[in-house]
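J.: Please model the entire structure based on the sequences and the hints provided.
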Amino acid sequence: MRIQPHLHKQIKIACSGLCVGSLLPLVFTLPSQAQKNPGDIIVIGNSPRQWAQNQSYWNQLVGVFGRAIPAATAPDPSTDTTQAAADPQVLIQKLLQNISVGAPQLQPILKLPGSSQISGSLTNRNNQPVTIGGVNFEVLDNTGNVIQTGSAIPEPATVGPGQTVTYQQTLLTVPSDVGASVRLINPPVTIQGGI
Numbered sequence: 294m295r296i297q298p299h300l301h302k303q304i305k306i307a308c309s310g311l312c313v314g315s316l317l318p319l320v321f322t323l324p325s326q327a328q329k330n331p332g333d334i335i336v337i338g339n340s341p342r343q344w345a346q347n348q349s350y351w352n353q354l355v356g357v358f359g360r361a362i363p364a365a366t367a368p369d370p371s372t373d374t375t376q377a378a379a380d381p382q383v384l385i386q387k388l389l390q391n392i393s394v395g396a397p398q399l400q401p402i403l404k405l406p407g408s409s410q411i412s413g414s415l416t417n418r419n420n421q422p423v424t425i426g427g428v429n430f431e432v433l434d435n436t437g438n439v440i441q442t443g444s445a446i447p448e449p450a451t452v453g454p455g456q457t458v459t460y461q462q463t464l465l466t467v468p469s470d471v472g473a474s475v476r477l478i479n480p481p482v483t484i485q486g487g488i
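So the sequence shown is numbered by the working numbering: it starts at 294 and just counts up by one.
These are computed hints drawn from the structure, not numbers from a lab. No residue lacks a Cβ here, since even glycine has one placed at the ideal position from N, Cα and C. One or more hints might be untrue.
Label pairs and their in silico Cβ distance ranges [stated by the list, open to error]: (1) ASP380 <-> ASN479: 16 to 26 Å; (2) ARG476 <-> LYS404: 22 to 32 Å; (3) VAL383 <-> VAL471: 39 to 49 Å; (4) ILE385 <-> LEU465: 15 to 25 Å; (5) ASP380 <-> GLN441: 31 to 41 Å; (6) SER408 <-> ALA450: 16 to 26 Å; (7) PRO454 <-> GLN398: 19 to 29 Å; (8) ASP380 <-> ASN438: 30 to 40 Å; (9) GLN400 <-> GLN343: 21 to 31 Å; (10) ALA396 <-> THR463: 15 to 25 Å; (11) LEU433 <-> GLN343: 37 to 47 Å; (12) VAL471 <-> GLN343: 26 to 36 Å.
T.: Structure, rendered in structure tokens:
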């Protein structure tokens, strides 16, 4: 069966009108659904300031199709610990407070004269695993001058809750017999990837 050319054009127009007509009500009902169920809205951003900016932006978009969603007031960040925990910098500081690093020891390497090794331990007192980027230290000569700085990565680098691991770093140019000492610097630990 062959469709006549003039009927083909009419069928095409009718189908496109049908598609647009069936989708158009859906577009106009979406903003009203968001207004009815504000719990279904996804919050995007890492801080109350970013949340407010994003909510303002989406309210403007929703306002094009209907009534805008009332803006939520930004809570005081000093009182809301849930939002403070969502801020990556606050979370990093909280994780760092619960990581304890034992005093590093400087020991000679007998098979490599004129070299030494720094070693120590690290304990994760957080309730979640943390990946350590390094334990930061500096080496001082016998007069207290800094002769070298460095970082040692513990083995394993991802430390589970309550787990204690060791770290060590070989220093090929620092003899331990000249009165050199080692100490942790600030910050003593870096977290890999921020968290």
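J.: State for each hint whether it applies.
T.: Hints, one by one, checked against the model:
Judged by the Cβ atoms, the range 16 to 26 Å given for ASP380 and ASN479 holds: they are separated by roughly 21 Å. Our hint of 22 to 32 Å for ARG476 and LYS404 holds, since their Cβ atoms are close to 26 Å apart. The supplied range of 39 to 49 Å is met by VAL383 and VAL471, whose beta-carbon atoms lie about 43 Å from each other. In this structure the supplied range 15 to 25 Å is violated for ILE385 paired with LEU465, their Cβ-Cβ distance being about 32 Å.
The supplied range of 31 to 41 Å is met by ASP380 and GLN441, whose beta-carbon atoms lie about 35 Å from each other. Range check, SER408 to ALA450: Cβ separation about 24 Å, and the 16 to 26 Å hint holds. A hinted range of 19 to 29 Å holds for the C-beta pair PRO454 and GLN398, which are about 26 Å apart. Evaluation of the 30 to 40 Å hint for ASP380 and ASN438 yields a pass: the beta carbon distance comes to about 39 Å.
A C-beta distance of roughly 48 Å is found between GLN400 and GLN343, which places it outside the suggested range of 21 to 31 Å. Separation of ALA396 from THR463 is about 19 Å and conforms to the stated range, judged on CB atoms against 15 to 25 Å. LEU433 and GLN343 have their C-beta atoms about 43 Å apart, which keeps the hinted 37 to 47 Å range intact. Between VAL471 and GLN343 the Cβ separation comes to about 53 Å, which falls outside the hinted range of 26 to 36 Å.
Against the hints set out earlier in the document, violations occur for numbers 4, 9 and 12.
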